[in-house]
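Take the sequences, apply the hints, and build the full model.
According to this note's numbering, the sequence shown is numbered sequentially starting from 37.
One or more hints might be untrue.
Straight-line Cα separation of at most 35 angstroms, DSBU-like style, residue types lysine-lysine; simulated pairs [unchecked claim]:
(1) LYS107 x LYS86
(2) LYS40 x LYS150
(3) LYS156 x LYS140
(4) LYS40 x LYS56
(5) LYS107 x LYS56
(6) LYS150 x LYS70
(7) LYS107 x LYS150
(8) LYS48 x LYS86
(9) LYS149 x LYS86
(10) LYS156 x LYS86
(11) LYS156 x LYS107
(12) LYS150 x LYS56
(13) LYS56 x LYS156
(14) LYS156 x LYS70
(15) LYS40 x LYS71
(16) LYS56 x LYS70
(17) LYS150 x LYS140
(18) LYS107 x LYS140
(19) LYS150 x LYS48
(20) LYS71 x LYS149
(21) LYS107 x LYS149
(22) LYS107 x LYS48
(23) LYS156 x LYS40
(24) LYS149 x LYS40
(25) LYS70 x LYS40
Since the hints were made in silico from the structure, they are not lab data.
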Amino acid sequence: MELKEIASIAGKGGLYRIVKPTRSGVIVESIDNKKQRLVVNANQRVSVLKEISIYTTTADGTEPLQNILVKINSEFGDDPGVDSNSSPEELRAFLQHILPDYDKERVYPSDIKKLVSWYKVLLENAPETLQPGNETEDAPEAEAETEENPAAEKPEKEEKEKKSKSAKAPKAEKEEK
37 MELKEIASIA
47 GKGGLYRIVK
57 PTRSGVIVES
67 IDNKKQRLVV
77 NANQRVSVLK
87 EISIYTTTAD
97 GTEPLQNILV
107 KINSEFGDDP
117 GVDSNSSPEE
127 LRAFLQHILP
137 DYDKERVYPS
147 DIKKLVSWYK
157 VLLENAPETL
167 QPGNETEDAP
177 EAEAETEENP
187 AAEKPEKEEK
197 EKKSKSAKAP
207 KAEKEEK
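Shown next, in the form of structure tokens:
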């Protein structure tokens, strides 16, 4: 499982694996032991973990969540030392240790609580997402595959259209005669 397959839904606790898109939204399944499936409408806020970053004071301005999760895993392993019930000072000290240049004005304690709770859920249910190099190696291959597939489908569609036009053309000629 990769972070591009895992999402957080506003108003719902926990993390969800994206199963399949629908016309009106997406089908998700909780990644905990319950494996509860939900249909999430398009008007609900769904955040894919791969697209989430934490504000920093560096030139880039953000640090991807994947990098931060890998740093937490390499520094702390199974026990990050804080949880969602920790005081705001402890949470800020934790993030300061992991990401020294995080933006203290734009990153709130509630954001750090989410980070810690997501880390614990991922550690328990999808530990492969916390390994270094998991996302960066797979991303170019996935992009190349998606670029190749639409190109392969276009000639098939064009052939079908030509066949349907050629099949209709003789009928039109017969009617004119």
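Each hint, compared with the structure:
1. LYS107 x LYS86: Satisfied, since the Cα-Cα distance of roughly 15 angstroms is no more than 35 angstroms.
2. LYS40 x LYS150: Holds, at roughly 18 angstroms.
3. LYS156 x LYS140: 23 angstroms, holds
4. LYS40 x LYS56: Status holds; Cα separation ~13 angstroms.
5. LYS107 x LYS56: 30 angstroms, holds
6. LYS150 x LYS70: OK: LYS150 and LYS70 at ~20 angstroms, within 35 angstroms.
7. LYS107 x LYS150: 16 angstroms, holds
8. LYS48 x LYS86: Roughly 18 angstroms between the alpha carbons, so the hint for LYS48 and LYS86 holds.
9. LYS149 x LYS86: Holds: LYS149 and LYS86 sit about 18 angstroms apart, inside 35 angstroms.
10. LYS156 x LYS86: At roughly 17 angstroms apart (the allowed maximum being 35 angstroms), LYS86 and LYS156 satisfy the hint.
11. LYS156 x LYS107: 14 angstroms, holds
12. LYS150 x LYS56: 25 angstroms, holds
13. LYS56 x LYS156: Holds - the C-alpha atoms of LYS156 and LYS56 are around 25 angstroms apart, at most 35 angstroms.
14. LYS156 x LYS70: Holds, because 16 angstroms separates the two Cα atoms, which is no more than 35 angstroms.
15. LYS40 x LYS71: 18 angstroms, holds
16. LYS56 x LYS70: Holds: LYS56 and LYS70 sit about 18 angstroms apart, inside 35 angstroms.
17. LYS150 x LYS140: 16 angstroms, holds
18. LYS107 x LYS140: 19 angstroms, holds
19. LYS150 x LYS48: Holds, at roughly 12 angstroms.
20. LYS71 x LYS149: Holds - the C-alpha atoms of LYS149 and LYS71 are around 23 angstroms apart, at most 35 angstroms.
21. LYS107 x LYS149: 16 angstroms, holds
22. LYS107 x LYS48: 26 angstroms, holds
23. LYS156 x LYS40: The given pair, whose Cα atoms are some 18 angstroms apart, holds under the 35 angstroms limit.
24. LYS149 x LYS40: With a Cα-Cα distance of about 21 angstroms, the restraint between LYS149 and LYS40 holds, given a limit of 35 angstroms.
25. LYS70 x LYS40: 21 angstroms, holds
Hint violations for this structure: none, all hints satisfied.
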